[in-house]
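Visitor: So the sequence lines, in the order shown, correspond to chains A and B. For the first sequence, my numbering gives the first residue as 1, with consecutive numbering after it. For the second sequence, my numbering gives the first residue as 351, with consecutive numbering after it.
Hints listed in this document are in silico derivations from the structure and should not be mistaken for laboratory results. Treat the hints with care, since some could be wrong.
Stated by the list, open to error - Reference listing, derived: stretches of chain A covered by chain B, where coverage requires no fewer than 3 residues with Cβ under 8 Å from a Cβ of chain B:
#, stretch
1, 57-64
2, 75-89
3, 163-170
4, 178-192
5, 195-203
6, 208-215
Here the structure is a predicted model, which is why all the values come from computation and not from measurement. For each residue, glycine too, the CB sits at the ideal point set by N, CA and C.
Here is how the chains run, residue by residue.
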Amino acid sequence: MRSHLLRGGTVLGLASLVVAGSASAQSLTGAGATFPNPIYTKWFDAYHKKTGVQINYQSIGSGGGIRQFTEGTVDFGASDGPMTDEQMAAVKGNVLHVPTVLGAVVLTYNLPALGETRLRFDGPTIARIFQGTITRWNDKAIAQLNPGVKLPDSDIIVVHRSDGSGTSYIFTDFLSKVSPGWRENVGKATSVNWPTGLGGKGNEGVTQQVKQTEGAVGYVELIYALSNNLPYATVENAAGEFVDASLASVTAAAASARFGKNTDFRVSITDAPGKDAYPISSFTWLLVHPDMTDGTKATAIRNFLRWMITAKAQRMASDLKYAPLPNEVVALIGARLPSLKANGKALASE
Amino acid sequence: MTAITERKLARPADRSPLDHASYGDRIFRGLLTLGAVTIPLLLGFLVLELWQGARLAMGKFGLGFVTNSVWDPVAVQFGAFPLIFGTLLSSLIALAIAVPLSLGVAIFLTEFSPEGLRQPVAFLIGLLAAIPSVVYGLWGIFVLIPALRTTAFPLLREVLGFLPLFRGPIYGPSMLAAGIILAIMVMPYVMSVSREVLLAVPDTQREAALALGATRWEAVITAVVPYARSGIIGAVILGLGRALGETMAVTMLIGNRHEIAASLFAPGYTMAAAIANEFSEAVGDVHLSALAYVAFLLFVVTVLVNAGARLLIWRVARGSAAGGKAL
Chain A
1 MRSHLLRGGT
11 VLGLASLVVA
21 GSASAQSLTG
31 AGATFPNPIY
41 TKWFDAYHKK
51 TGVQINYQSI
61 GSGGGIRQFT
71 EGTVDFGASD
81 GPMTDEQMAA
91 VKGNVLHVPT
101 VLGAVVLTYN
111 LPALGETRLR
121 FDGPTIARIF
131 QGTITRWNDK
141 AIAQLNPGVK
151 LPDSDIIVVH
161 RSDGSGTSYI
171 FTDFLSKVSP
181 GWRENVGKAT
191 SVNWPTGLGG
201 KGNEGVTQQV
211 KQTEGAVGYV
221 ELIYALSNNL
231 PYATVENAAG
241 EFVDASLASV
251 TAAAASARFG
261 KNTDFRVSIT
271 DAPGKDAYPI
281 SSFTWLLVHP
291 DMTDGTKATA
301 IRNFLRWMIT
311 AKAQRMASDL
321 KYAPLPNEVV
331 ALIGARLPSL
341 KANGKALASE
Chain B
351 MTAITERKLA
361 RPADRSPLDH
371 ASYGDRIFRG
381 LLTLGAVTIP
391 LLLGFLVLEL
401 WQGARLAMGK
411 FGLGFVTNSV
421 WDPVAVQFGA
431 FPLIFGTLLS
441 SLIALAIAVP
451 LSLGVAIFLT
461 EFSPEGLRQP
471 VAFLIGLLAA
481 IPSVVYGLWG
491 IFVLIPALRT
501 TAFPLLREVL
511 GFLPLFRGPI
521 YGPSMLAAGI
531 ILAIMVMPYV
541 MSVSREVLLA
551 VPDTQREAAL
561 ALGATRWEAV
571 ITAVVPYARS
581 GIIGAVILGL
591 GRALGETMAV
601 TMLIGNRHEI
611 AASLFAPGYT
621 MAAAIANEFS
631 EAVGDVHLSA
641 LAYVAFLLFV
651 VTVLVNAGAR
661 LLIWRVARGS
671 AAGGKAL
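Let the sequences and hints guide you as you build the complete structure.
Guide: And the structure:
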């Protein structure tokens with residue numbers, strides 16, 4: 001028995017040595033956002049098969065991702081919301097936000113009386129519903145946006161996320177832009193002090209609550225709504241058009257956002273100006289150090305990012321129903337990658 | 351008690367250190383001591399860690415954190431009163447439903463049930479304890495809540511609507527729904543332990559009562575249950591401890607609203623649910639620290655409840671023998 005244990009221990013020890021040996025050259029660790037986890041997993045797997053570089057990603061949430069990135073326990077972070085100025089100060093500004101894919105948030109509702117008719121909303125009306133100042137479905141504000149639709153005379157039951165999430169961040173970021181009242185009283189964050197409504201845990205919690213309750217309205221990720229065939233509203237954008245959420249209209253939102261030449265990519269694209277832009281859209285980011293201490297790792301990250309913005313990798317994103325980056329943003333990222341450094345020195349080209 | 355322990359422990363040391371068995375004993379004793387010391391140490395570190403994590407929020411909000419009701423991560427204002435209230439209320443509802451039910455089952459199984467039914471029923475109820483809490487939560491969302499919303503809640507409102515507890519709009523997810531799911535989750539624990547305690551009651555108790563002309567029912571109520579009462583209280587406390595800390599199923603059914611409402615149909619929130627919900631995406635230091643503060647308070651509440659329970663058992667146990675041992 002004892003010798004068995006010993007032998008087992010030796011094997012384990014050897015195995016860990018082997019893993020540790022390869023770790024220095026061919027392995028990266030990252031942590032953060034849960035929303036892009038499916039595409040990241042697919043990318044990292046495809047990249048591993050292609051190059052042998054192992055990238056381990058823990059989807060622990062954006063908050064945790066930023067924290068671990070700041071503490072230096074991971075090689076890169078990932079977040080659905082950009083780091084704040086204070087958070088950037090904590091890493092002495094040594095962070096580059098790299099957009100990877102896009103997400104969007106849709107309003108889903110349960111009004112069987114409407115049949116196939118899609119509702120239309122504008123930002124201020126959504127803000128008033130989620131603030132509890134519009135409480136009936138046949139309120140004048142909703143009726144004006146939906147001429148000809150016979151709205152039921154019933155209470156609106158608001159459902160929001162109870163867990164902190166990037167989805168809530170995008171949604172409240174949009175509402176803060178279009179409604180001064182929302183900006184002052186509630187604000188934008190991964191979790192806020194909701195003025196009204198029920199909290200559901202996760203996209204599925206919100207969806208179930210909306211599905212089961214007649215007269216309920218809630219917000220979920222576009223991907224989630226698409227893969228579960230949920231009804232969702234079209235939303236008026238900054239150009240005054242009512243836009244349906246789709247991969248194309250979300251990419252259009254990113255394309256119409258204005259980036260400076262030296263942008264740090266921390267750009268909010270909610271309420272974007274384009275005519276075809278879906279207004280409740282956002283980037284999700286990888287957080288990397290523009291100046292790393294480990295040259296091998298810096299090169300590995302740079303190479304992965306270079307691969308990530310190729311047409312092939314971005315197509316994998318649209319296969320999973322993530323809106324891919326528009327060409328303008330891909331070009332901007334491509335132009336920025338050569339500036340990544342290790343210990344103040346430029347990286348070797350390959 | 352202590353004298354016996356010391357004598358037992360002292361024995362190996364009397365032997366020669368060259369004796370092989372004595373070495374084995376010493377190592378064994380050392381290992382056991384290590385185990386015994388590790389657990390209090392772990393607890394100590396846990397409290398220390400929570401306290402350190404919560405220091406920022408403690409400094410900012412002080413004890414007002416306990417009585418304040420606003421929870422606003424954007425304005426960096428945090429108060430845990432609705433969370434503490436929700437934790438205690440949902441657990442109370444759970445006990446109010448689970449205790450009579452599980453006691454009834456336990457009494458039935460030990461005193462009235464046919465021999466062949468005892469083991470299977472006890473086994474099945476024990477199985478309930480093995481179901482993961484997220485499964486309870488999903489079952490709650492898909493089965494329990496629709497049933498409650500369409501039938502049980504409207505009926506309650508109809509019949510008991512004169513009480514403020516059963517008024518107001520019915521959403522489904524609510525304090526009452528969380529209490530009911532907790533009751534189901536707590537039941538196997540209360541049932542199993544009280545069954546063991548009732549089984550430990552000597553038959554002479556029953557025989558004496560029956561010999562005095564008591565019916566079966568009277569024998570149970572006058573002779574068996576009082577004999578086991580401190581053990582039964584212990585079973586209830588075990589259930590309460592489980593209800594206080596339960597997280598996943600509760601957060602899926604309670605509606606997660608930082609608010610204190612008179613109606614049980616209204617959504618609420620618990621401490622454990624808030625931590626689970628907000629921890630992973632808490633971005634600000636104060637927000638994170640406030641959650642650690644909540645965890646610390648949950649710990650304090652649990653300790654207080656357990657201390658109160660010990661006190662209760664101790665006072666009750668002075669009258670009976672079996673229960674004290676059962677714990």
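Visitor: Each hint needs a verdict: does it hold in this structure or not?
Guide: Hint by hint, here is what the structure shows:
no. : hint    : result
1   : 57-64   : holds (count 5)
2   : 75-89   : holds (count 3)
3   : 163-170 : holds (count 4)
4   : 178-192 : holds (count 7)
5   : 195-203 : holds (count 5)
6   : 208-215 : holds (count 4)
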